[in-house]
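Q: Could you build all of it, start to finish, from the sequences and the hints given here?
Listed below, chain by chain, are the residues.
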Amino acid sequence: MLIELLEKIFPTLNDRSSRQEVKNRLKLVLAHDRSDLTPQMIESMRREILEVVSKYVDLDADAMDFALENTSRVTSLVANLPILRVKPEFYTVKGMSEETPVEDLPEISIDESAIGDLQETSDLRNENS
Amino acid sequence: MGRVIVITSGKGGVGKTTTTANIGMALAQRNRKVVVVDADFGLRNLDLLLGLENRVVYTAVDVLSGQCRLEQALVKDKRRGNLVLLPAAQNRTKDSVNPAQMRQLISALAKVFDYVLVDSPAGIEMGFQNAIAAATEAIVVTTPEISAVRDADRVIGLLEANNIKKSGLIINRIRPKMVAVNDMMSVDDVTEILAIPLLGVVPDDEKVIVSTNKGEPLVLSGTPTQAGTAFENIARRLDGEKVEFLDLTVKDDLLSKIKNFFTKSI
Ligand SMILES: Nc1ncnc2c1ncn2[C@@H]1O[C@H](COP(=O)(O)OP(=O)(O)OP(=O)(O)O)[C@@H](O)[C@H]1O
Ligand SMILES: [Mg+2]
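Line by line, the protein sequences give chains L and H. No gaps in the numbering here: position 64 of the first sequence is 64 in the working numbering, and each next residue is one more. No gaps in the numbering here: position 229 of the second sequence is 229 in the working numbering, and each next residue is one more.
Hints are supplied without guarantee of correctness; some may be wrong.
To be verified - Just the calculated beta-carbon pair ranges, DEER-fashion:
{"no.": "1", "chain 1": "H", "residue 1": "165", "chain 2": "L", "residue 2": "41", "range": "26 to 36 angstroms"}
{"no.": "2", "chain 1": "L", "residue 1": "60", "chain 2": "H", "residue 2": "249", "range": "20 to 30 angstroms"}
{"no.": "3", "chain 1": "L", "residue 1": "72", "chain 2": "H", "residue 2": "244", "range": "41 to 51 angstroms"}
{"no.": "4", "chain 1": "L", "residue 1": "72", "chain 2": "H", "residue 2": "146", "range": "11 to 21 angstroms"}
To be verified - In silico DSS-like pairs for lysine-lysine, Cα to Cα no more than 27 angstroms straight-line:
{"no.": "5", "chain 1": "H", "residue 1": "166", "chain 2": "H", "residue 2": "11"}
{"no.": "6", "chain 1": "H", "residue 1": "111", "chain 2": "L", "residue 2": "27"}
{"no.": "7", "chain 1": "H", "residue 1": "165", "chain 2": "L", "residue 2": "23"}
Treat the hints as calculated values from the structure; they're not laboratory data. Even for Gly, the Cβ is constructed at its ideal location relative to N, Cα and C.
A: The following block contains the structure:
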C-alpha cells in the first residue's frame, strides 16, 4: 500500500523533470517540422477558422486552444474552441417572441375519450406490415 | 542479391560509424559476407574504427574514375576475411560523387555480398543523398537528446520520401542512471516519438572509446562488454533472429531504494 502511494506521489513530482520537459518540447517542435506548415500559415488558418466559427457561436477567447499535434507520424490540427453560446439568429428552437400577444394564439382543447387512439391504430398498422 | 542498408542519423557524432563497424564485424562473425562502404567522402573514419587505415590503397572515387578495379579498392579484414571495406576518398569533397554513380558501385557489390552497409555522413545534403541512393533499408541512429531526435525525425521523413520503407532505430549512448532519475529520455520515449521499429539500444560505454583507440570493434573483444553485446544483438536481429532487448534499467535508483526500505520495514 505504501508503495502504491509512493508511486502515486512520484509521477506528479516527475512531471517537472527535464525528461518530461524535453518530451514536451520535442513533440511540439516535431509537430511543426513534420507538417511543413509555416507559422504564418498556421496563424492565418487560425484566424479564418475562428472567423467562420464565430459567425455561429460566441467563443470563450481566453480558453481557446489551437495547436498542431503529432502521434505516430500523423500531424493533426487540434482546436479546442469552448462555446459560450450559440448566436441568437441561429437558434433552432426560437424563443417565444414578445410581439405575439397570448390572445392571438389559437385555443387548445382536449378530447379525453380519444387519448391513445392514434397510437393504437399506428400499432396495428405496424403489426400488419 | 545482398541487402543494402544505409546507416544514417542527420546529426553528426551520434555513432553511425561506430555502429557500422560493429554491426559489420558482428555479421561477419556470423559468417555473412559483408562489405562496409564509407560514404563520408572527405571525412573518412570507418577505416580507422576497423584498424584498416594503413592498408587503404584505392578508394571508391578511384574506382569511379577508372583508376582501379572495384576489387582492388576493397580492403579485406585480416581478422575476418569475409569482411571488406570500400574506403572513401579523403582528399575529395562530397560533390566528387553523385547518386547515380553510387547506385552503380553498390549494385555491383550487392551481387557478391550478403550485406552492403553504407556509413552515411551527417547532414541531409549531397553526401546523404549519395549514401541513401542505392539503399533499400535504413538504420537510423540517434542519441536520447532533443537535437539528435529532431534530426533523426527529419531523416526518417526523407527516407520515406525516397522510398526506403524499411527502417530500424538504434538508440545509442543511453545512460540508464540518468533515465532512472528522469534526466534523460527513455528508450520508450524516443521510440514512441520517432514511431519506427526499434532495432537496438546501446548504452553509453567507455569501452567504445578504448576500442576506437585500438581500431578493434567491440564485438571482437574477448571479454564481453555491454555495448559490444548490444551491437551483437542488433546484428542478430538484423539477420532475422528474435533477440530480447537488454535490460538497461537501473535497479538501485532512488525510488527502488525507498521501495526496498518500506518493504523491509513492513
Ligand atoms: N555507445 C557509446 N558509448 C560511448 N561513446 C560512444 C558510443 N557511441 C559512439 N561513441 C563516441 O562518439 C563519438 C562519435 O562516434 P561516431 O564517429 O561513430 O559517430 P558518427 O555518427 O559516425 O559521427 P560523424 O557524423 O562525424 O560521422 C566517438 O568518439 C565515439 O567513440
Ligand atoms: Mg561517421
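Q: Could you grab the alpha-carbon distance between residue 166 of chain H and residue 11 of chain H and see if it respects the 27 angstroms cut-off?
A: holds (20 angstroms)
Q: Can you let me know if the beta-carbon spacing of residue 60 of chain L and residue 249 of chain H is within 20 to 30 angstroms?
A: violated (44 angstroms)
Q: Does the beta carbon distance between residue 165 of chain H and residue 41 of chain L stay inside 26 to 36 angstroms, or does it fall outside?
A: holds (29 angstroms)
Q: Take a look at whether the Cβ-Cβ distance between residue 72 of chain L and residue 244 of chain H falls inside 41 to 51 angstroms.
A: violated (24 angstroms)
Q: Taking 27 angstroms as the top limit, are the C-alpha atoms of residue 165 of chain H and residue 23 of chain L close enough?
A: holds (26 angstroms)
Q: Does the Cβ distance between residue 72 of chain L and residue 146 of chain H fall inside 11 to 21 angstroms?
A: holds (20 angstroms)
Q: Straight-line Cα separation of residue 111 of chain H and residue 27 of chain L no greater than 27 angstroms?
A: Cα-Cα ~42 angstroms, so violated.
Checked against the numbered hints listed earlier, the structure breaks hints 2, 3 and 6; every other hint is satisfied.
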